[in-house]
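4 protein chains.
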Amino acid sequence: MIETDAPVLLSHTIRLGYADTDPAGILYYAAWFPMMERLTSEFFYLQGLRQDTLAERFGWWTVSRSTTCEYLAAARLFDQIRVELRIGRIGDSSFQFAFRMVRTDDDVLVARSSNTLVTVSPDQSRIEIPADLRALLTAWATEGT
Amino acid sequence: MIETDAPVLLSHTIRLGYADTDPAGILYYAAWFPMMERLTSEFFYLQGLRQDTLAERFGWWTVSRSTTCEYLAAARLFDQIRVELRIGRIGDSSFQFAFRMVRTDDDVLVARSSNTLVTVSPDQSRIEIPADLRALLTAWATEGT
Amino acid sequence: MIETDAPVLLSHTIRLGYADTDPAGILYYAAWFPMMERLTSEFFYLQGLRQDTLAERFGWWTVSRSTTCEYLAAARLFDQIRVELRIGRIGDSSFQFAFRMVRTDDDVLVARSSNTLVTVSPDQSRIEIPADLRALLTAWATEGT
Amino acid sequence: MIETDAPVLLSHTIRLGYADTDPAGILYYAAWFPMMERLTSEFFYLQGLRQDTLAERFGWWTVSRSTTCEYLAAARLFDQIRVELRIGRIGDSSFQFAFRMVRTDDDVLVARSSNTLVTVSPDQSRIEIPADLRALLTAWATEGT
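Protein chains in written order, with my numbering: chain A, 21 to 165; chain B, 21 to 165; chain C, 21 to 165; chain D, 21 to 165.
Heads up, some of the hints might be wrong.
One side of the interface only, derived from the structure: several residues of chain A facing chain D at Cβ under 8 Å [to be verified]: (1) G37; (2) A39; (3) E57; (4) Y65; (5) F98.
Treat the hints as calculated values from the structure; they're not laboratory data. Here the structure is a predicted model, which means the values were calculated and not measured. Even glycine gets a Cβ: it sits at the ideal position worked out from N, Cα and C.
Pulled out of the complex, with its shape left as it was, chain A reads as follows:
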């Protein structure tokens, strides 16, 4: 459901540890979300878009509207995984970050996920994606960074 051919914007490679896995040594299903958040926050930061300054600087910011994750193959303790960030669907007042979790040893896609953000005014009313952000999203979705 979360398909995109957009270029990879940023990736982190991590080895799964004890806190990421259950007693069967299989990935604990909540484990990907903090990695997704860390990747997204760092991407915005590296683009000069600190999320805690957006409202003041630009008159808009973003809030999470929904998230999804599909578990496609068993990821196990000590597997090394590359988490990739791409732009997914761009709508009128929302856009998606799309993630793929790829095991580096065999290039198997172990999970994919999305985070849908809506653009809001400083007082958190939903607004159409502002032109400056739309230009960035379009560039990120086609050319990367």
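Here the structure of chain A is known, so what remains is to put chains B, C and D in place on it, guided by the hints.
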């Protein structure tokens, strides 16, 4: 998308703290998943179904196939939230746990989410929901515990 | 090393789940700290002392200086644990929150820990514990809440 | 209190994100522990010493006895931090992993911490450090890897 009239099977009430919220004091979107996992694991345990013993005792166990979460209202630092567990859709070889996050002060539904599990053989091949589990799921979905 | 006869100020009871334990089903050593943080933040909040408002309202706030944890008995998956908060040592410009983790089934002390906070000015210079806070700490250490 | 001149065995560099910091943008004090655990687990793994196989292969394994952390300078949202692993004190039946958290921009030591492990038999009785492990620890403490 995650609607169910099934009875509440178990709930935990928690006050959102620093680790659950971002610098704007708004819920960090990954925060619900560990609470969902804790609630589901405790429910199974209280039903005598320790997840780490299912394969050996019954010849089947369950793995997560997908999860979703919708953020419906801004949950904030120090809000007290009741996380409720219900049975959602029951399919041929999968079933859903459905969650509602309700702010106790004003009964506002701040989020809802689901976790879809598939039934698998001990070697992790997908199988139809076994009769013993299907009887339990049906009872949980209609009468509760 | 972290002994105190002070009364319990607040406690949370929690059942250890998958994210709290390693593949051997034994407690993951980082698991207690978020529970300690949640307990401390809720205690301050219930006392009318939201940590994010202290500097503005009172001219002082607190920052963590150090933390310790001792693991005394093996805590396991699905154990139910009561985390208790007490006041520990009160110094000139620092004080301790002391925690005990007690397994409810057999009253075994499975861990104990501390968090040492220092009092600081709004610009984060270390200051002596202000009189208003010292009066509270002394009451909490002797009479409870 | 946690000083060592031992060589760095492994390090991870990470940028602090929302889940690591409180509403004041200052490090949440529980945030270092999962990073410490991940670093230690990966180090053991890269040395061919998967912790979940030690008891069976060698007749001993290790459990955490205590941990400490000192917060020395304010680490903030988006700071990039290098977490370094070294060997600390080696005792009769215990040894320490020592950690330093260094901000990469200005080389400031923002935190240091330790994790003390004891060696145990398969049934978890405390034992003297076995000769094979002691040889490794001594090498790691003097020459590195």
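Against chain D, is A:F98 within 8 Å by beta-carbon distance? holds (5 Å)
Less than 8 Å between beta-carbons is the criterion; does A:Y65 satisfy it with respect to chain D? holds (5 Å)
Minimum beta-carbon distance criterion (8 Å), A:A39 to chain D: Status holds, d = 6 Å.
Quick one, is the A:E57 hint okay against chain D at 8 Å, beta carbons? Cβ of A:E57 sits 6 Å from chain D, so the hint holds.
At a threshold of 8 Å, is the proposed contact between A:G37 and chain D supported by beta-carbon distances? holds (4 Å)
In terms of the numbered hints stated before, the structure departs from none.
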